[in-house]
Amino acid sequence: MATFGIEAIRHFGHARAAGISTAGDLTYTFNRSNGFRSKLLGSGHTQRFYYADTDCWETDLRDNDQGGSDRSFADNADIFWIETHGNNVNGSPRLLYDTAQTQWRTFATQWQLGEGTDAEWIMAYSCHTTERNKVGGLWNIFAGLHIYCGAYDNMYDGITTDECGEDVADNLTDGDTVAESWIDGVSDWAVDNHPIVVCPANAAVYNNGNIRWDQSYLNRDHFWGHGTVLPDPVPSQTVRLLYRWSEG
Amino acid sequence: MKSSNLNLKPTLSLMTEKDFIQKLADTLKNVPATVAVPSLRQYSPALAQGRADRFSRLMAKTDARFVSRKDMLVQPHRTLYRLAQNARMEVHHASGDLRFVAGLNPMESLFAKVETREVLTRNVEAAASKLDIRQWIGKNEELPFERLWQIKAASVDQKGQASDPVLCRAIGAYRHHIAKIPVLGAASAVVKLAGNGELDAFSVSVRETSDQLLGTERVLRADAGAKQLYAQLASLMGKSKSAPFEMATPQWVRFGYLAQSRRQAQRVLVPVFMAAIDIKTENEQQGYIVTVPATSNPSLLPSLRGADIPADLERRIRK
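As you go down the protein sequences, you meet chains A and B in turn.
Each residue of the first sequence is one higher than the last, beginning at 1 in this note's numbering.
Each residue of the second sequence is one higher than the last, beginning at 1001 in this note's numbering.
Chain A extracted, bound-state conformation:
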């Protein structure tokens, strides 16, 4: 079975007070993260950690080689769910924290996920963590990571998206692929959430441009215990990033 880690930030009063950001508080953060947690625990998976608000630190995603401690946190669980405010720089995610462990934000240029045996999947319920026309900005984060699940524009916090965590987890444990679990689970097909899933592809999958979508992580990678899980990608063999998104 799988291990999971969760970091969820609902309140941003410290970041505002420090003049770091004008980001507002959220309302349904813990509805989603608690729901994700309870469904995975209910299916027999193991929680590595669950931190909230100021207990979430930017060093948890930052690579050990970059002064962070990801190997004890984000890179130490099969799936890592994070929820906070986000944005991107040239398609590379940046996420806001409500405390400065060393910095107030994490920048994905300092992520290298999947270097160990864990961190197959990252799910970031945060706005605009990449650009649909700059997905290449995520290239460096794939150091063995299978799929990044994020957003190419806003992800809404509201009463109609309060059960997204449960929906994603139900999809995962019902046997949907990870890619489908994210896009379907965070979409209520009413508000404009903008989910996107991104994975690396080697030359065999890229197939000189005649892409073997059927062989990709997007099509075949399931959650541990609920279907096929592909072997870790070899970063030096990545020739393309594949991505899938919904649009209204």
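Everything labelled a hint here was simulated from the structure, so no lab data went into it.
It should be emphasised that the depicted structure is a prediction, and the values quoted were computed from it without experimental measurement.
All C-beta atoms, glycine included, are put in the ideal place defined by N, C-alpha and C.
It cannot be assumed that every hint is accurate.
With a cut-off of at most 20 Å between alpha-carbon atoms, the simulated DMTMM-like pairs for lysine to aspartate or glutamate come out as follows [unchecked claim]:
1. 134/A - 1282/B
2. 1180/B - 1211/B
3. 1113/B - 221/A
Quick list of simulated restraints, FRET-style, between CB atoms [unchecked claim]:
4. 1311/B - 209/A: 50 to 58 Å
5. 207/A - 1198/B: 18 to 26 Å
6. 1243/B - 102/A: 25 to 33 Å
7. 1064/B - 46/A: 35 to 43 Å
8. 1086/B - 209/A: 25 to 33 Å
9. 214/A - 1061/B: 46 to 54 Å
10. 1061/B - 234/A: 47 to 55 Å
11. 64/A - 1283/B: 22 to 30 Å
12. 215/A - 1297/B: 52 to 60 Å
Fit chain B to the supplied structure of chain A, relying on the hints for placement.
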């Protein structure tokens, strides 16, 4: 609820809080003076499973997987039915929400080309008609098509050169209306098609009204609703160097009934004002769905308070 930036934000420097609220109010057209408050049918797990049986019988007319044996698993919030060929069906006990998932892998059965919106809309409408989706609504109720969604995929190389997209799925979303008033929330019905016209998923999230009306309520005026929406947004934004109206761009503002999420029991359809508001600043981008009651009857206030963290979470020790 098609997204369209309402351009409620003229020149920033000229916008005041009062202007912003007035613009929100101006967008709330045709708000009735009074509204009926329908009560909703309540389900037990057994009643919800009965609804799933009806769904199954109807689907069995065109899909053999519903005729074969079903593996039934009762869980705390729902009953899950495993069907042949990796398909599944579920019913949620609190809401009676129904969903069929065919079990196709997401990059199987792609469309041969990226079709036009008109073609895709026609295709999902034809599928919805075949599924007879309107049998799930009551008298004096409607379930019109609301919006087409698409799922696409592409690739990019390290230099940022992207391939042309492929079309994976077309999704038709439908909106429940009762006496011409929309029931706001997740899409009320969803038809999801794969490339060869195969049904990939179908869900019905219509709150079933009972024959009883709880009563008729006076609706708050649009300006009062707009003021409340702004107050809620301002409360979330807290104290910062910019006022909310300086950063906010409403996407839409609506009056309607509120359908809560599928795992939540709901006794009545409560009238609300709801707005989708984007906050764009140079640092973080934010999206809020703000919801406030549209009557002053305290017994009709939906719970709009978010959850807290689990009581058993351990605090982290900072080294």
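To see whether the hints hold, each was checked on the structure:
1. Straight-line distance between C-alpha atoms of residue 134/A and residue 1282/B comes to about 18 Å, which keeps the hinted pair within the 20 Å bound.
2. At roughly 17 Å between alpha-carbon atoms, residue 1180/B and residue 1211/B fall within 20 Å of each other, so this suggested pair holds.
3. For the hint pairing residue 1113/B with residue 221/A, the CA-to-CA distance comes to about 25 Å; that exceeds 20 Å, so the pair is violated.
4. Between residue 1311/B and residue 209/A the beta carbons are some 54 Å apart, a value that agrees with the proposed interval 50 to 58 Å.
5. At roughly 25 Å, the beta-carbon separation of residue 207/A and residue 1198/B lies within the given 18 to 26 Å, and the hint holds.
6. Our hint of 25 to 33 Å for residue 1243/B and residue 102/A holds, since their Cβ atoms are close to 31 Å apart.
7. Under the hint 35 to 43 Å, the C-beta atoms of residue 1064/B and residue 46/A, about 39 Å apart, fit the expected range.
8. Between residue 1086/B and residue 209/A the beta carbons are some 30 Å apart, a value that agrees with the proposed interval 25 to 33 Å.
9. At about 31 Å, the beta-carbon gap between residue 214/A and residue 1061/B misses the expected band of 46 to 54 Å.
10. Separation of residue 1061/B from residue 234/A is about 49 Å and conforms to the stated range, judged on CB atoms against 47 to 55 Å.
11. Between residue 64/A and residue 1283/B the beta carbons are some 27 Å apart, a value that agrees with the proposed interval 22 to 30 Å.
12. Look at residue 215/A against residue 1297/B: about 58 Å separates their beta carbons, and that is inside 52 to 60 Å.
The structure is inconsistent with the numbered hints 3 and 9, although it conforms to all the rest.
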